[in-house]
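A.B. asks: So you can see what is in the structure, the chains are spelled out below.
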Amino acid sequence: GQNIDQPTEMTATEGAIVQINCTYQTSGFNGLFWYQQHAGEAPTFLSYNVLDGLEEKGRFSSFLSRSKGYSYLLLKELQMKDSASYLCAVNPGSNYQLIWGAGTKLIIKP
Amino acid sequence: DAEITQSPRHKITETGRQVTLACHQTWNHNNMFWYRQDLGHGLRLIHYSYGVQDTNKGEVSDGYSVSRSNTEDLPLTLESAASSQTSVYFCASSEGQGAGRGPYEQYFGPGTRLTVT
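In the order they appear, the protein sequences are chains R and L.
The letter at position 31 of the first sequence is residue 31 when you use this note's numbering, and the numbering goes up by one with no holes.
The letter at position 42 of the second sequence is residue 42 when you use this note's numbering, and the numbering goes up by one with no holes.
For the record, the hints were derived by calculation from the structure and aren't laboratory data.
Fair warning: this is a prediction, and the values are worked out from it, not measured in the lab.
For every residue, glycine included, the Cβ atom is placed at its ideal position computed from N, Cα and C.
The reader is advised that the hints may include incorrect statements.
[To be verified] 30 Å max Cα-Cα, derived DSBU-like pairs, lysine-lysine: (1) R:57 to R:76; (2) R:105 to L:11; (3) R:68 to R:57; (4) R:81 to L:11; (5) R:81 to R:105; (6) R:76 to R:109.
[As the list claims (entries may be wrong)] Where chain R lies over chain L, by a calculated footprint (3+ residues, C-beta under 8 Å): (7) 9-19; (8) 48-59; (9) 103-116.
Just chain R, with the same shape it has in the complex:
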């Protein structure tokens, strides 16, 4: 089967750094996405990785290891507005569908 695992909930402090992990087992691999979803809102795109390594975009970075079936999202200099759910999704290839993890709810404390 196809499976994506993420921690259900994490807590971090304003100004700190947090790493949200995602592991996947899929029939194929053609890219991994991270989305942010604030409560009651739609998911919005954060990052995309298809090759191994780190992609940096401002305070957010995303890492991929295809051999380990593993990715993480790194959030630096946390702000209260970063309180949200973070969704990991994989394209297993051959079409445009995504397999979604259940999401990690990130709680930021002052």
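Given the coordinates of chain R, assemble chain L onto it according to the supplied hints.
C.D. replies: Same frame as chain R, but now just chain L:
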């Protein structure tokens, strides 16, 4: 600016009624998707379309149908609403695939919260 809209944003209906949720995008994307999102689950794919007159079933398609008569719209119909279909429904669209990379990101509508009583 291009956008993707959904209507209604909230809907309460009774068991057994037919319900249609609208999705309209002005991105001119060929790919469109319908998901439902329930607590404890990831986004689950209901139906998807890769172009006009093309529709495909996703992992949770039972009790739902879609039609694609133009590029902009993909309405989702619940044939006979059931309490198990109480959920938040998201429509999304995307471009195809870029050279040397996988698929492009999906853009989501604001969602429709459906309650079936």
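A.B. asks: For a quick check of understanding: which of the numbered hints are violated here, in increasing order?
C.D. replies: Checked against the structure, the only hint that fails is number 7, while the rest are satisfied.
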